[in-house]
Amino acid sequence: MKLTGEQDRQNSADVWVLAEMTGGALHPVSHELLGAARRLAADRGCRVWAVALGSDLSDAAASLIAHGADGVILVGDGRLQAFNDELECNVLERLVRKYRPEIFLGAATNRGRALIPRLASRLYAGLTADCTGLAIDPETGDLLQTRPAFGGNIMATIRSGGFRPQMATVRPKVMQALPGDRTRSGMVVRESVAPEDALHIKQILETIERRENTVNLSDARIIVAGGRAMKGPEGFALLESFAQRIGGALGASRAAVDSGWIAYPHQVGQTGQTVQADVYIACGISGQIQHLIGMQSCKTIVAIDIDDTTPMMQLADIAVKGDLFAVIPEVMKALDRAGVRRAPASTEADTEEEEQC
Amino acid sequence: MKIVVCIKQVPATSDASIDPVTKRIVREGSKAMLNPFDLYAVEEAVRLREQAGGEVIALSMGPESAKNALVEALSMGADRAVLLSDRAFGGSDTWATSYALARAIDTLGGVDLVICGKQAVDGDTAQVGAGIAAKLDLLQAANVGKTEALDADGITVRRMHERGWDVVRLRFPALITVLKDINAPRVPTLRAARAARRAEIPVWHPADIGADPGRIGLRASPTQVVRTAPPAARSAVTTRIAGAPAEVAGELVRELLARKLL
Chain A
468 MKLTGEQDRQ
478 NSADVWVLAE
488 MTGGALHPVS
498 HELLGAARRL
508 AADRGCRVWA
518 VALGSDLSDA
528 AASLIAHGAD
538 GVILVGDGRL
548 QAFNDELECN
558 VLERLVRKYR
568 PEIFLGAATN
578 RGRALIPRLA
588 SRLYAGLTAD
598 CTGLAIDPET
608 GDLLQTRPAF
618 GGNIMATIRS
628 GGFRPQMATV
638 RPKVMQALPG
648 DRTRSGMVVR
658 ESVAPEDALH
668 IKQILETIER
678 RENTVNLSDA
688 RIIVAGGRAM
698 KGPEGFALLE
708 SFAQRIGGAL
718 GASRAAVDSG
728 WIAYPHQVGQ
738 TGQTVQADVY
748 IACGISGQIQ
758 HLIGMQSCKT
768 IVAIDIDDTT
778 PMMQLADIAV
788 KGDLFAVIPE
798 VMKALDRAGV
808 RRAPASTEAD
818 TEEEEQC
Chain B
174 MKIVVCIKQV
184 PATSDASIDP
194 VTKRIVREGS
204 KAMLNPFDLY
214 AVEEAVRLRE
224 QAGGEVIALS
234 MGPESAKNAL
244 VEALSMGADR
254 AVLLSDRAFG
264 GSDTWATSYA
274 LARAIDTLGG
284 VDLVICGKQA
294 VDGDTAQVGA
304 GIAAKLDLLQ
314 AANVGKTEAL
324 DADGITVRRM
334 HERGWDVVRL
344 RFPALITVLK
354 DINAPRVPTL
364 RAARAARRAE
374 IPVWHPADIG
384 ADPGRIGLRA
394 SPTQVVRTAP
404 PAARSAVTTR
414 IAGAPAEVAG
424 ELVRELLARK
434 LL
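Going down the list, the protein sequences come from chains A and B.
In case it helps, this note's numbering puts the first sequence at residues 468 to 824.
In case it helps, this note's numbering puts the second sequence at residues 174 to 435.
Just to be clear, a hint being listed does not mean it is correct.
No farther apart than 20 Å at their CA atoms in a straight line, the calculated lysine to aspartate or glutamate pairs in the EDC-like style are these [to be verified]:
| # | chain 1 | residue 1 | chain 2 | residue 2 |
| --- | --- | --- | --- | --- |
| 1 | B | K196 | A | D774 |
| 2 | B | K319 | A | E673 |
| 3 | A | K800 | B | E428 |
| 4 | A | K640 | B | E335 |
| 5 | A | K800 | A | E707 |
Think of the hints as simulated: they come from the structure by calculation, not from any bench.
Isolated chain A (complex conformation) (with noise of 0.2 Å):
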């Protein structure tokens, strides 16, 4: 059994921050997560460091300099394509250890939320996951870490005490990211994969990517959600399509998912995904706590509902009452009306606007 926490506060400097690639590209939170850094940084008159894995980093170094970082360690092997938790994370175990940053910082993704813990308990290091503030506390210099518990209903701040890196897991869409300039400039570290790294390893078999509207809840700006009102497949069809024509994403409540009306990729609650959009939009779900808990952290609630006195309908910042299957076409031709234009609903064309800049 391998325990350290060597690592203290003596011996450690700078924020790193974690590059989140998907498919070979960079992800927009790791801009994000360089825009929080950066206020850390400031705070504690340190460096900004972007850690980049990957098969083809061309381009990520220059993107995350000027979103933030002071510099670049990038680690370019084709065995990084798809990601495998056991090499990540031997590899960044090797370079925490050699460069001992004081705050780590990483997406909590799927793919985050995987590594990072496996990485912090193999470096005996404080983490805490999904923050939604991080700050610097100005008596002891420690990282302030503010999150979310028990579906929402209570917020935490946790400290690492003198362990070291202090680190942290923030979800896409919390945290701003700082404008592009491309006139910063930064240094380039490049380390390899060390052959111990890929000693004991999985296999990755095969990697499918969903043709058809990919279902990113944690991602999404505005949600549209339906539950056991929307009576069957046809009703989630409506739903798709008025998602579709604001640029949302498509939720469901468990009711309609153990229906089988639409696959549980799409539940949002309690054993679904918790979601944190700008908007949600709740569609006949009658607002059980199961689902409450998942949802009642975004910013605006609407609800439409034929049924008035329902939970969701008393939690709404917008409750519509109404024949859903009225209400809804009218919507979208009041859309039209109103001249509101069709939005892109994947976070594909988030990602390649930000490459751009």
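Chain A is fixed; fit chain B onto it per the hints.
Frame of chain A, contents of chain B only:
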């Protein structure tokens, strides 16, 4: 095949209501339940044993009352159960918890596969599974939605992610965390439930698992909660729209545009 399924007792989410002023959920009572994701972990463990033979051991850490969660696992088909319970374990964060569970798994010996739920619904961290895998040097796959193949050397699983899934092959010993759509958990028969309630569940202490006293409990936990606070209150004002479909639709779109949400 020897499978360990790690489960957690969490506060029940029933009996909650919405505070009309803060629009936040108010929890009442102190009922406990088995973490919902763990039902799928137990079911998958039992199914794999039914396929390959061997034994399923349910493992939990918590107060004496966490035996109820283990009884539920036994009633679903786990062969035996072990509870880690000691004041010295109290206040453990995810690091110290995964250390204790890893020590227990090591003590059980010869374990091929560890199965955990995706995350516990109280903390929502999803850190303990990967923490156990790291400490025991197990290959890991998180968010498993399907078992593709199983043999004496390893398991092939479908690992879900935001853009689709990967098919990955893990040689034993390995650890997976499972999602809800991996299976439909069985409802225990009355007979199984009765037998489970009568089962002896040993309680293990730090010395039983060879735990380093400096690696367990609150003091060994790298994360410390400084303070907790209620989340910011939602606006108590609900804008209510009712009327004919075309009218309410127009009003909703105007409202969304006025709030700059579209």
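Quick rundown of the hints versus the structure:
no., hint, verdict
1, K196(B) - D774(A), "holds, 19 Å"
2, K319(B) - E673(A), "holds, 14 Å"
3, K800(A) - E428(B), "holds, 15 Å"
4, K640(A) - E335(B), "holds, 15 Å"
5, K800(A) - E707(A), "holds, 15 Å"
Comparing the model with each numbered hint stated earlier shows that all of them hold.
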